[in-house]
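*Asks:* Going line by line, the protein sequences match chains A and B. Residue numbers for the first sequence follow the working numbering, beginning at 1 and rising by one. Residue numbers for the second sequence follow the working numbering, beginning at 423 and rising by one.
To be clear, the hints were calculated from the coordinates, so they are not data collected in a lab. Treat the hints with caution; some may be incorrect.
[Stated by the list, open to error] Within a straight-line C-alpha distance of at most 30 Å, the following computed BS3-like cross-link-like pairs (lysine-lysine) qualify: (1) A/Lys-10 with B/Lys-585; (2) A/Lys-46 with B/Lys-444; (3) B/Lys-444 with A/Lys-14.
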Amino acid sequence: MNITEKILAKASGKKEVSPGEIVNAKVDMIMVNDLTGPLSVKTFRKIGVKKVWDNKKIVVDFDHLVPANSERAAELQRFMREFVKEQNIDHFYDIGRGGVCHQVMPEKGHVRPGELIVGADSHTCTYGAFGAFATGIGATDTAGVFATGALWLKVPSVIKVNVEGQFQSHVTAKDLILKIIGELKADGAIYKGLEFAGPTVRNMSIDGRMTMCNMAIEASAKNGIVEPDEITLNYVKERTNKSFQIVKNDPDVEYEKILDLDVTNMGSQVASPHSVDNVKPVSELGEVSINQAFLGSCTNGRIEDLRLACGLLKGKKVKDGVRMIVVPASQEIYLQALREGLLEIFLKAGAIVGNPTCGPCLGGHLGLLASGEVCVSASNRNFVGRMGSPKAYVYLASPATVAVSAVTGKITDPGQWRHNRR
Amino acid sequence: MISGKAMKYGNNVNTDVIIPAKYLVLTLDPVELAKHAMESLDPLFSKKAQGGAIIVAGRNFGCGSSREEAPVALKHAGTKCVLAESFARIFYRNAINIGLPVLECPRISSKVEEGDELTVNLEAGVIENRSKNSTLQATRLPQFIMEILGDGGLIEHLRKQLK
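In isolation and in its complexed conformation, chain A is listed as follows:
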C-alpha cells in the first residue's frame, strides 16, 4: 500500500484497503475557522447531541475575517467563542493568537505524520506536507465528525508526481505546483490523491512542501502528500508532545499514474485569469500591467516567502500606482519577520503589512479589487470574483514574481529581471 492507503487503513481499523473502497475513518484532528465554523456549529446543534465527541481533537481558528471587518462578522465570531467555551475547546486560536488556519495547525503541533485530519476548508490538504492524510470537508460533514469522530471516505487512487533537478534561483515550489496543475489541469486529479516525491521534493523545505500540498486541491485532488523524512520530523518533534506513528510507502507500490518532471530548466510560472490551470512561463506572458501585488495566504505567507520577496525588494520601491499588500500567515511568522528586519524592508519599499489573516485571497477584506483592476497574487485561486469585482483579473505567481512585479509595475520574470540588472 502507498502512504495514503496505509493511513486510511489505520484510521478505519483495517489491515488493507484498496482504491475505490469506502471506509469509515476515525479522525485524529478536525479544524474549523471563523467562516466555516458558524454553519458547522449550527448544523451540529440539529443532530441533537449535546457534547462534541472529543474536545481535545477540535481546533477552532479565526483567520478569514480578522479582526472582524463588519458587525456581522463580529456576531459570528462571538457565536464561535460561545461554542468554544460551551464545549471546553482548548485549541482555540482567537485574534492575535494564531493566524491562517493551515499555518497554525502544524505550527501549534496539531499535525503529525500518519494522522487523519479533516478541516472545514478546502486547503486542509496542506497538512499532507507532514505525511498526514488531510482533506477538506463541508459544514455538515464537520457537524457529523463533531458528533461521532468519524466519517466515510472513499480510498483514492494516487498519482505520483516525481520531481528531479535543482531549481534555478528565484524559481520556487509555487512555480512547480503551478506547472503541475497546468499539466494535470483543474480536474486532472479529481477523486484522486497526489503524492509528491523525487529528489527535488526530498530537498525541499517544509515551507515549500506545504505550498505544494496546499494547492493539490486546485487540480481537484482529495489530498496531497509527501512521505515523511528527517525534515518532517525536525519540524514536528519540536512542536508536539503527542506520540505518533510514521507511515511510509511499502516498497514497489503501484500508482494510477506517474508524472515525471525535471525542474532544471523550468522558469517562473504564472496562472492567468480565470483558472488555476491556465499556466505558462512568466517569460511568455507578454506585457501585463498591475494595480496590486499580494503576498500572503495559506499558500505563500510563510517566512521563506517573505525572505525571498525581501531579498528582491531591499532598497527598491513599489512602483507608483501599484499597491503591495503583505500578509504574514501567522503571529509566529510575523514576529520572525520583525526580528529579521523583513517588515522594515517591506515598509521602506512602500508596501503595507497586514495582520495574519486570509485577507484579500478570498475577497474577504484588506485589499479587494475594483472592476478592470489587475492583481498579481501569491495566493491560490484566480476565479471570477474571487478577490473582489467579477470584472477584476488575478494572476497567480510565486512570491519572487510578486515582489519583482510590484517594483516594475508589470508581471515580471524574476530571473530575467535580475539578469537585466547585472
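Take the given structure of chain A and dock chain B to it, following the hints.
*Replies:* Showing chain B alone in chain A's frame:
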C-alpha cells in the same frame, strides 16, 4: 422521480461563482443565499431556477472552496438535482449531505440542451430526456448514499442512527 427543465453550464464551475464569499458572512439564511446563486455566471439563475430546475454541467462541477453554502444556495434557488460529467469531491459530499441529489453522467453535456425536459430516476441512475426522446445512464449512487438522500441529508440520517 425528479422532473424539470435543464439549465446548462460548462466545465469547472467553481464555488466562488456559485456563491461568492462576500455573501457567506452576510447570512446563513438559505433563502437569502439563493438570491445570489450563480450570479456572476448567470445573473438570471435564481429567476430561471424558481419552481424547479435540473442543472446539467460538464466536468469538475463545484470545484474550489469547501463552502457548503454553494449547494445550499443552488437547492434553495429551486435546483432539484445536479447532473454533471464529474464533480469536485467536497461539493459532491456537501450536496448529498444537505439532500441535494447529484449524479455523475458521462458525456451528458453533448446529450442535453438548455431547456430540455428531463426526468431522473435516482435509484436506477437513469435520465430520460423527454425533449429528445432519449435516455442516459448515469453512475448509480451507492446504497448508503441513497439512504442519506432518502433521509433528507446527513443530519436526519445521523439523528436516526444516534437515537
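*Asks:* Next step is simple, just say for each hint if it's right about the structure.
*Replies:* Against the structure, the hints:
Proposed proximity of A/Lys-10 and B/Lys-585 is supported: the alpha carbons are some 28 Å apart, at most 30 Å. For the hint linking A/Lys-46 to B/Lys-444, the alpha-carbon distance of about 26 Å falls within 30 Å, and the restraint holds. Proposed proximity of B/Lys-444 and A/Lys-14 is contradicted: the alpha carbons are some 43 Å apart, above 30 Å.
Hint 3 from the earlier list is the only one contradicted by this structure; the remaining hints agree with it.
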